[in-house]
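Trainee: The chain contents come next:
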Amino acid sequence: MDNQSRKGYWRENFKYLSILLFIWFTVSFGFGILLVDELNRIQFWGFKLGFWFAQQGSIFVFIILIFVYVHLMNRLDKKYKLDS
Amino acid sequence: MDIKTWTFILVGLSFALYIGIAIWSRAKSTKDFYVAGGGVSPLANGLATAADWMSAASFLGMAGIIAFSGYDGSVYLMGWTGGYVLLALLLAPYLRKFGKFTVPDFIGDRYYSNLARTVAVIAALFVSFTYVAGQMRGVGVVFSRFLDVEVNTGVYIGMAVVLFYAFLGGMKGITYTQVAQYCVLIFAFMVPAIFISLMMTGNPIPQLGFGSTGHDGVYLLDKLDGLMTELGFTAYTDGTKSTTDVFFITAALMAGTAGLPHVIIRFFTVPKVKDARKSAGFALLFIAILYTTAPAIAVFARTNLMDTVQDVPYGEIPGWFTKWEDTDLISWTDKNGDGKVQMLPGSAIVGKQPEFVEGRGELGQRMISNASDSENELYVDLDIMVLANPEIANLPNWVVALVAAGGLAAALSTAAGLLLVISTSISHDLIKKQLAPAISDKKELWIARFSALLAVLVAGYFGIHPPGFVASVVALAFGLAAASFFPAILMGIFSKRMNREGAIAGMVAGLGITCYYIARFKLGWIGSPETSTAAHWWWGISPEGFGTLGMLLNFLVAIVVSRITPSPPKEVQDIVEDIRIPSGAGEAIDH
Chain A
35 MDNQSRKGYW RENFKYLSIL LFIWFTVSFG FGILLVDELN RIQFWGFKLG FWFAQQGSIF
95 VFIILIFVYV HLMNRLDKKY KLDS
Chain B
3 MDIKTWTFIL VGLSFALYIG IAIWSRAKST KDFYVAGGGV SPLANGLATA ADWMSAASFL
63 GMAGIIAFSG YDGSVYLMGW TGGYVLLALL LAPYLRKFGK FTVPDFIGDR YYSNLARTVA
123 VIAALFVSFT YVAGQMRGVG VVFSRFLDVE VNTGVYIGMA VVLFYAFLGG MKGITYTQVA
183 QYCVLIFAFM VPAIFISLMM TGNPIPQLGF GSTGHDGVYL LDKLDGLMTE LGFTAYTDGT
243 KSTTDVFFIT AALMAGTAGL PHVIIRFFTV PKVKDARKSA GFALLFIAIL YTTAPAIAVF
303 ARTNLMDTVQ DVPYGEIPGW FTKWEDTDLI SWTDKNGDGK VQMLPGSAIV GKQPEFVEGR
363 GELGQRMISN ASDSENELYV DLDIMVLANP EIANLPNWVV ALVAAGGLAA ALSTAAGLLL
423 VISTSISHDL IKKQLAPAIS DKKELWIARF SALLAVLVAG YFGIHPPGFV ASVVALAFGL
483 AAASFFPAIL MGIFSKRMNR EGAIAGMVAG LGITCYYIAR FKLGWIGSPE TSTAAHWWWG
543 ISPEGFGTLG MLLNFLVAIV VSRITPSPPK EVQDIVEDIR IPSGAGEAID H
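Here the protein sequences come in this chain order: A and B. Residue numbers in the first sequence follow our numbering, run continuously in steps of one, and reach 118 at the last position. Residue numbers in the second sequence follow our numbering, run continuously in steps of one, and reach 593 at the last position.
Isolated chain A, as found in the complex (with noise of 0.2 Å):
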């Protein structure tokens, strides 16, 4: 693998990276804990949604963001040819 695509490679990753990341930080550190007292005036069902996030909603978001992330590797290996 020459030079060129293994940083193509690796700056592409690094975008899905910290998209995801920023995801990741804003479901739990954001509506679960600096946001709570905002988003719990938010009736969400039977729930205060800050409250839903800070127990529930923000680990069902971590689940999908590993699912999406392994989806975007898998298509990003193909591309460079990785995937051997």
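No lab work stands behind these hints, which were simulated from the structure alone. These numbers come from a predicted model, not from an experiment. Note that beta-carbon positions come from the ideal geometry of N, C-alpha and C, so glycine has one too. Do not rely on the hints blindly, as some may be mistaken.
[To be verified] Under 7 Å between C-beta atoms, here's a sample of chain A residues computed to sit facing chain B:
{"id": "1", "residue": "S62"}
{"id": "2", "residue": "I97"}
{"id": "3", "residue": "I98"}
[What the hints assert, rightly or not] List of simulated lysine to aspartate or glutamate pairs, DMTMM-like, C-alpha gap at most 25 Å:
{"id": "4", "chain 1": "B", "residue 1": "K572", "chain 2": "A", "residue 2": "D36"}
{"id": "5", "chain 1": "A", "residue 1": "K115", "chain 2": "A", "residue 2": "E46"}
{"id": "6", "chain 1": "A", "residue 1": "K113", "chain 2": "B", "residue 2": "E579"}
[As the list claims (entries may be wrong)] Covered stretches of chain A, going by a simulated chain B footprint (3 or more residues, C-beta under 8 Å):
{"id": "7", "region": "38 to 49"}
{"id": "8", "region": "65 to 76"}
{"id": "9", "region": "80 to 91"}
{"id": "10", "region": "99 to 108"}
Could you slot chain B onto chain A? The hints should help.
Mentor: Positioned in the frame of chain A, the structure of chain B alone reads:
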């Protein structure tokens, strides 16, 4: 059949299954012993990681802690799951590509230094021993309650079973046993949860149930908030910890999760880099089934507890209450002399555990010598909430017994994973890599087995002399892992400039300050008791959350030191280039 017979049957059957699997999957080489031969499928590895991960603290302690802390309990839920995102995105694939056996292996090679390796070994042993202490105590609690044996006898039985399959099977035996243990523990956790959810809300899915209405048409959480504020507690959905502290504890648990050696080591067992990513996803999925159910159980348990004992005369109290009272885990002192149970804010006792004295009160209750001045009359050990829940909700005996088998599965699977890390650290990282590099594979395998024996004995000692609550002990292990491993591994992958000097200085600084803080404010070993209270915490951060600061200090020291010392050699920079590319990861390499 009574509970005891059911428990004997279910626990006996599950133990026979674990031992059978261990015999079937004996380790024949060190590679089998350390990384299960490197051929575990991502799904099986996900299941095993989940069992490895979910400890006595998750199974027995967590729902209880959440039941009594409400929103504050979210730190465990987010912390112990969010860490898997870090693991899957930032660590696992690269460490798998690197392809050695242990975390100290990576640290030692990446930082071209036996000193770095030694620091990592010490940190791994420290973290694992802190963590394993809680597991053995969990085993003891389950045995003493359900099989009427002494707590210590329970610990001995647990030691014997773990030793058997860790000794024989190593990672291979442990992996397949853990797959079985996951099935046992998740079934045991979900069955009562579904029953209780159905009973209380008519919805069989606990995750939806605790956001539903009860039979009176009021949302369960609103009702609980109301009950609690009426009695002077903080509302269940509000919590009492400061936002700063919640933030720091969550961050410490996340980074700690990603840095725990017994979790990382699991990703060395899958065949390819892309399997490592997928396997982390499966692991989190299986973990999340329990972790999203636990807060539901917490709400059911807290509501049930208030409904069944609040203002109930002691003479009419349900049977489970007095049974747990007899095992020292519940105490009631009739402070206002009305003969009824009152559960109010404040601790009912002085100190951590009730001290029972001989003789009974006029109503037949057990007497304690350390009742506090607060109006609260009831002490409930947090660990029993999950164990007692099926009884509180009047579920059939076999369900109660099932929970015992599940609690044991959770404690044993985690203990086994930790014991493996401990024995590998000694036999591989210390003896093979440093003291006696010339020993044969066969000899190393035997040394690994004897290290496992040694580790079981030490773990058993901790089980018999337990250091405090199960979950809070475990929480400390995370702070230490967050402050040492997580930064060192992360920078090892993402910074080519990070060198030996920086990494060692960072780990020593992070570990040092975290240990100091815990010794100072948690254990009270340093400083006078008056200045060790919460009011003196630095920036209001509790010892549980301090790992985050330790981690930041580690990053800072490592970056500064690495900039004023020479760059790492060319070969090492090539290693970093190489682990970033997923293809060409061989099987876990023989050495």
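Trainee: Give a verdict on every hint.
Mentor: Here is what the structure says about each hint:
1. S62: Nearest chain B Cβ about 5 Å off; hint holds.
2. I97: holds (5 Å)
3. I98: Given a least distance of 9 Å, the restraint on A/I98 is violated.
4. B/K572 to A/D36: Cα-Cα ~18 Å, so holds.
5. A/K115 to A/E46: holds (14 Å)
6. A/K113 to B/E579: holds (19 Å)
7. 38 to 49: Check passed, 4 qualifying residues.
8. 65 to 76: Holds, because 5 residues of the region 65 to 76 of chain A bring their Cβ atoms closer than 8 Å to Cβ atoms of chain B.
9. 80 to 91: holds (count 8)
10. 99 to 108: holds (count 7)
When held up to the earlier numbered hints, the structure conflicts with hint 3 and nothing else.
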